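Enquirer: So you can see what is in the structure, the chains are spelled out below.
There are 2 protein chains.
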Amino acid sequence: MKKRILQIHLLTCLFLCLQLPIFAQSKVEQWDRFEVSFKHTPKENGFATVTLTATFSTKDTTQTVAGFYDGNNNFVVRFMPQKIGIWNFTTHSTIPELNNKKGSFECVKATGSNHGPVKVSNIYHFKYADGKDYFPFGTTAYAWTHMANGVQEMTLKTLKNAGFNKIRMGVFPKNYDLVKEEPEVYPYLVKEVKKGPSGNDLKVWDYTQFNPVFFQKLEKRIDDLRALGIEADLILFHPYDKGRWGFDEMPMEANLRYISYLTARLASFRNVWWSLANEYDYVKSKSDADWNTLIKAVVQNDPYRHLCSIHGSTAKYFEYWKPELTHASIQDEAPVMHLGAASIVRNIYNKPIIYDEVGYEGNLKQRWGRYSGEEMNHLIWMGLIGGTYVTHGESYSFKDNRDTIFWAKGGEFKGSSWKRIAFVRKIMEETGPIEPADVSRDYITTTNGKGSYIIYFGKDINESWAFNLPAKNSNFEKPKKGNRYKVEIIDTWDMSIQPVPATFEISDVNDYRMYDKENRRIRLPLKPYIALRITEISQ
Amino acid sequence: MKKRILQIHLLTCLFLCLQLPIFAQSKVEQWDRFEVSFKHTPKENGFATVTLTATFSTKDTTQTVAGFYDGNNNFVVRFMPQKIGIWNFTTHSTIPELNNKKGSFECVKATGSNHGPVKVSNIYHFKYADGKDYFPFGTTAYAWTHMANGVQEMTLKTLKNAGFNKIRMGVFPKNYDLVKEEPEVYPYLVKEVKKGPSGNDLKVWDYTQFNPVFFQKLEKRIDDLRALGIEADLILFHPYDKGRWGFDEMPMEANLRYISYLTARLASFRNVWWSLANEYDYVKSKSDADWNTLIKAVVQNDPYRHLCSIHGSTAKYFEYWKPELTHASIQDEAPVMHLGAASIVRNIYNKPIIYDEVGYEGNLKQRWGRYSGEEMNHLIWMGLIGGTYVTHGESYSFKDNRDTIFWAKGGEFKGSSWKRIAFVRKIMEETGPIEPADVSRDYITTTNGKGSYIIYFGKDINESWAFNLPAKNSNFEKPKKGNRYKVEIIDTWDMSIQPVPATFEISDVNDYRMYDKENRRIRLPLKPYIALRITEISQ
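First to last, the protein sequences are chains A and B.
Mapping to the working numbering: the first sequence position 193 is 187, numbers consecutive.
Mapping to the working numbering: the second sequence position 425 is 419, numbers consecutive.
Pulled out of the complex, with its shape left as it was, chain A reads as follows (with noise of 0.2 angstroms):
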């Protein structure tokens, strides 16, 4: 028995010595996550004496990633295979526990739902690194990570029903209005807890020493987006804590450790992207200079190369033109309130235009928190008409504010804009992306460049319509007289596609337009939000 305890020991000792990973898998999907942890005794605070990296290689690909401390004595390296085939990778660290490990996996192909991270595409829209058009269908629940479980298990039940395929979400708490809940975690350990001003508890942060848990939980729900096809706009700063716990206004030095920490554990989710922050300019710690700054460190520290940007309060644009950012999240309704003003955005920037904060669907006394659900959805189709997308949010409260407030809490939609985004998403899907077909010239049609259109009469009621098209057709091939098309007449509030019974054929232009040969007009419901889709019929 002794002997056989020896023999343990040895082979533990063993194992210990050649320092193996504690934890591997041998076989990871393109673009899912390889991780691979050691076992340490930091001496002192792992999180901030400790430094970790690795670089992985496969034929003619090298990258090298931090790891992090993740508690416990367990050092954590993370990795997001982009190419399949054998990788191999070696690790760096002055503690000699940590240095030179090595190992290998296979990267085999994606498959089923796992496309890859969202990429910008054709300068204005965005690919899976697979290739698959994405479509961003997003909503917003700042906080809701930060709630009772069963609150975020109902968000996620929520989510899992809508047709949404992006959320904005903090990493921090939030303190609001209508959020008040004290989170069960936090990202830092407390140093000491003070007196306030009004005899309330005030815990000072160790921001050297972060506290996995909180990271654990929020890495979790990242992965159950990711189970429903959700991209996590993660929101890295925000203004809503207003001296409660104080992580709006950690000193420089924190922020950029905070960045390094956050990107070393989530840059391999691959459905992860940085939003810099909610309202930048009203976190009054901060200069442009300091975002600068941050947005630098997150692009540093991001071997893939995420979609990164940052929001601003509304009608402020940051300076979305630098390199860094790889699309405007716009807070700002003017853009989509009246026809036009979308374009004009994109046309500027020539980025990718998300607008990120039009207004909610609900019934708050703010104004920015009560509209009408046809409101919303109408506003989503008149960012799509300009090129552009609208990020969708609800904000209906009833009862007290102990009641979920989706675009705060999560919880559950209560109103009808939510239900109308599988139905939009999927008319994109089918038709990819679409350009304004004439721009500056005409506001309501769009075209997708292969003779498929897309025309919204927004709130306008028409009794009919002429069939025809603009000459011009963005900068693809012009449509030619005598092309023939089929025409949809698609009801964006009562969901429903109705293809009319006719075909259409183009004559010569006249004043910039092509109508149909005969004159022939479409008679229209006499309703608003009213669109087409217009296809070309092959010969």
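None of these hints come from the bench; they were simulated from the model.
Because the structure is a prediction, the values reported are computed rather than measured.
Note that CB positions come from ideal geometry on N, CA and C, so glycine has one too.
The reader is advised that the hints may include incorrect statements.
Simulated crosslink set (DSBU-like; lysine-lysine; CA at most 30 angstroms straight-line) [said to hold, decoys possible]: (1) A/310 / B/474; (2) B/154 / A/310; (3) A/310 / A/290; (4) B/290 / A/345.
Chain A stretches covered by chain B per the calculated footprint, using a threshold of three residues with CB under 8 angstroms from any CB of chain B [what the hints assert, rightly or not]: (5) 112 to 124; (6) 376 to 387; (7) 434 to 442.
Guided by the hints, dock chain B onto chain A, whose structure is given.
Expert: Same frame as chain A, but now just chain B:
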């Protein structure tokens, strides 16, 4: 007699040996032009081989400016003094006859209509150097200085009787559908004449030899404009050449030499603005990088930092965020066709926005050249209520191509919108710069921040209007309960201002608005294009 002649010869010799300036003023108004010239017979090409600069000093200010060769052995230095007092100058050249010439003059206070050059003021607006507000009410006559002299004189007479204070005009002649005139003089000397593809004469220019007469004529016209209080928004390059002269496709070296020469001649003209190009993206020989090089060259060669921008084709937005560009000079009708869009563009760039081309009043077949006068006037007001500026243009073509079309050739106005410019300009000069009062929420109300508001109803015909103001007031102090106001009804088309015989007093904020305490309404004319001016009455 012989002795007398000898004496004169000796004096002449002495004079030449001392090389005193041939001509120089002793007194110059602030922002007027000081000019001094020197005789020297260049051995070779005086444009290419002689370098001349001069340093001007007063009290704590020293500026070095470039001189230029004006032909006929004449070397000229021009300077625009910006400070009053005694200025001393010294020339620098490798040519002894041009080197170390010294002189001085007194700069005296500006008088009359001399307000100095126009500068950016308060982010989005303009002021003259003396502090007087400047509101750009421009028109367009691209090639007016290349027309026959009679047409040029007619143009000046037309401008004298209109309300414009800016004109867009090209340095180079224009070859376009409706503009075929051959200029009388060219900016360069001819090296040789070749036969073109259709047997036509093709001039080959010597890009190292400028034609001073060309520039002298241009300068005369800029001075003529100055006398009328009109800024010359001078277009340095344009694409309307199409192989006729080749000024759109000179080698980069020639472009840079042209900029050096032009700025040496013209930077001292206080009413000059630099517009690097019209429709820059249609100039196929130049890349964006080339444009940035040329923009930088202009700014580096301009000691006074005149206003500087560049203009693209429809909906083509240059990188107006570049610090070299003082304002955005945009071709796009989208920002003024619907409410709310004009101010988005200013919120993005945080610079003054001039929509220098939104289409023209006229009768052309082209859709950009057939607006009604009402539409042109309306678009100018649409710009103003966005806190931006719109340039007028007129493209009426009667008879045939020999008819003058103001947009291209100058001559006489034939439309109706030009008659409204003095009216709207007077309103703006009385009211001061205006800003959207409640950005992205109220699209028709602007504030001057000092108790005055301008509301524009556009094409809407309203029977009456309930007196109310937004509770917000841009970044200015908010209106207070009890404030009292008078109202004037402005008919922007009929050019009438009708005071409303009542005083209104605002009550508490009610859902973001402050209504008259008695909820009184104002009867409005049943017409489109109605505006209101609301002015606080001092207690």
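Enquirer: Taking the hints in turn, state whether each one holds.
Expert: Evaluated hints:
no.: 1; hint: A/310 / B/474; verdict: holds (26 angstroms)
no.: 2; hint: B/154 / A/310; verdict: violated (41 angstroms)
no.: 3; hint: A/310 / A/290; verdict: holds (20 angstroms)
no.: 4; hint: B/290 / A/345; verdict: holds (25 angstroms)
no.: 5; hint: 112 to 124; verdict: violated (count 0)
no.: 6; hint: 376 to 387; verdict: violated (count 0)
no.: 7; hint: 434 to 442; verdict: holds (count 3)
When held up to the earlier numbered hints, the structure conflicts with 2, 5, 6 and fits the remainder.
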